[in-house]
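For the sequence shown, the numbering used here gives the first residue as -7, with consecutive numbering after it.
I should point out that these hints are in silico values taken from the structure, not numbers from a laboratory.
There's no promise every hint is true.
[As the list claims (entries may be wrong)] Pairs of lysine-lysine residues, derived as BS3-like cross-links and limited to a Cα-Cα distance of at most 25 Å, are as follows:
| id | residue 1 | residue 2 |
| --- | --- | --- |
| 1 | 75 | 139 |
| 2 | 13 | 75 |
| 3 | 139 | 13 |
| 4 | 75 | 91 |
| 5 | 75 | 88 |
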Amino acid sequence: MTATSQELWSEHYFSVEDGTKLHWVEMGSGTPVILIHGAGGSAVGNWFVNGVAPALAATNRVIGIDMRGHGMSEAGPDGGRQKMSADVIEFMDEQKIDKAHIGGYSMGGFVTAGILATHPERFLSASFGGSGLTETEEWAASVPPDKDGPAPEEAEASAQFRNRPEVPGQEVGNNAAARPGPAGVTAGDRSEFLARQRALSASIDVANLDFPIIAINGEYDRPYAKTHRMWREARNFTNVVLPGKGHLSAIMRGFIPQQYIDAMVTFITSNNP
-7 MTATSQELWS
3 EHYFSVEDGT
13 KLHWVEMGSG
23 TPVILIHGAG
33 GSAVGNWFVN
43 GVAPALAATN
53 RVIGIDMRGH
63 GMSEAGPDGG
73 RQKMSADVIE
83 FMDEQKIDKA
93 HIGGYSMGGF
103 VTAGILATHP
113 ERFLSASFGG
123 SGLTETEEWA
133 ASVPPDKDGP
143 APEEAEASAQ
153 FRNRPEVPGQ
163 EVGNNAAARP
173 GPAGVTAGDR
183 SEFLARQRAL
193 SASIDVANLD
203 FPIIAINGEY
213 DRPYAKTHRM
223 WREARNFTNV
233 VLPGKGHLSA
243 IMRGFIPQQY
253 IDAMVTFITS
263 NNP
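The whole structure should be built from the sequences, with the hints applied where relevant.
Have a look at this one:
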C-alpha cells in the first residue's frame, strides 16, 4: 500500500466542543476500528500507507483520526494534548458509534489508556502498539529485563524518517524529537508525558476490563516493561513481540513486518461481534 492509493480511503473533518477542527479518514465497512497515531505523526502515515488499515478494511470500518496539532488537524487552544482521549469519545458520539475496537501507537497508546480510564464501556477491544501500561511500583522489580541497544534497522528507519519529504497529513511520527517544529516533543513535554503516563496507568482497573487487549511492540522497544501489568492482570491479553524491531522500524512503511499486520487482523476479526 503506497501513498498513491489514497483514493481507497475517504477524507473528512469534524469539530469538537471547543471548536477545534479535526481531520479523519476511513476505509472499509462493518464493525468500527478506531486507530490513533503516535506523536508527530498522522492517521494516514501511521496506519494507512503501511498496510495496517487496508488489511483491516477487508472486514471492518477502519477510522484514523489526526489528533490535535497533528496531520491535517488544527492545534486548538493551549492544553489540547490533554483533551485527545475526550476528542475520540466526541467523535464516537458524533458518529453514533457505541462501541469500537480502539487502539493506538506510542502516544496513541496513551490516548487509548485515557479512554480506558474514563470510558471502558466504549471498547470492543483495546490495542497498544509501541506502548502499554506502566507496571505498579509493587511489581516493578518483577518485570523481566528488556533487550538493550538499538534495533538493527532503527538507524536506517530514523534516517529515512528525517530525510524523506513528507506529504502533508501522511507523517509517520513516533520519533518527533528528531525534527523540530510544532509537532516536536521537547524534554519538558516528555517528562510531563511520563508522569501523566504513570498516574493514568495506576487509575485503570485492568483486572476488571471484560474485553480482549493486545500489545504489539518491537523486541528493542521495552516490550516487557510496557506489558507486564497487562500480562499479570488482564483477563484476556495477547502479547506480540516483533523480533529485531524498534520503536520506529516496527510501524514505518518499508520497515513494518507482516507479523504486525497479521496480528492486528487476527485479533480484530477474532473479536468482531
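Do the hints match the structure? See the list:
1. Under the criterion of a C-alpha separation no larger than 25 Å, the hint pairing residue 75 with residue 139 is inconsistent with the structure, at around 34 Å.
2. With a CA separation close to 13 Å, the supplied pair residue 13 and residue 75 stays within the 25 Å bound.
3. Distance hint between residue 139 and residue 13 is unfulfilled; the C-alpha atoms sit about 41 Å from each other, more than 25 Å.
4. With a C-alpha separation of about 20 Å, the suggested pair residue 75 and residue 91 falls inside the 25 Å cut-off, and the hint holds.
5. Annotation: proposed proximity of residue 75 to residue 88 holds, straight-line Cα distance about 20 Å (limit 25 Å).
When the structure is compared with the earlier hints, violations turn up for hints 1, 3 and for no others.
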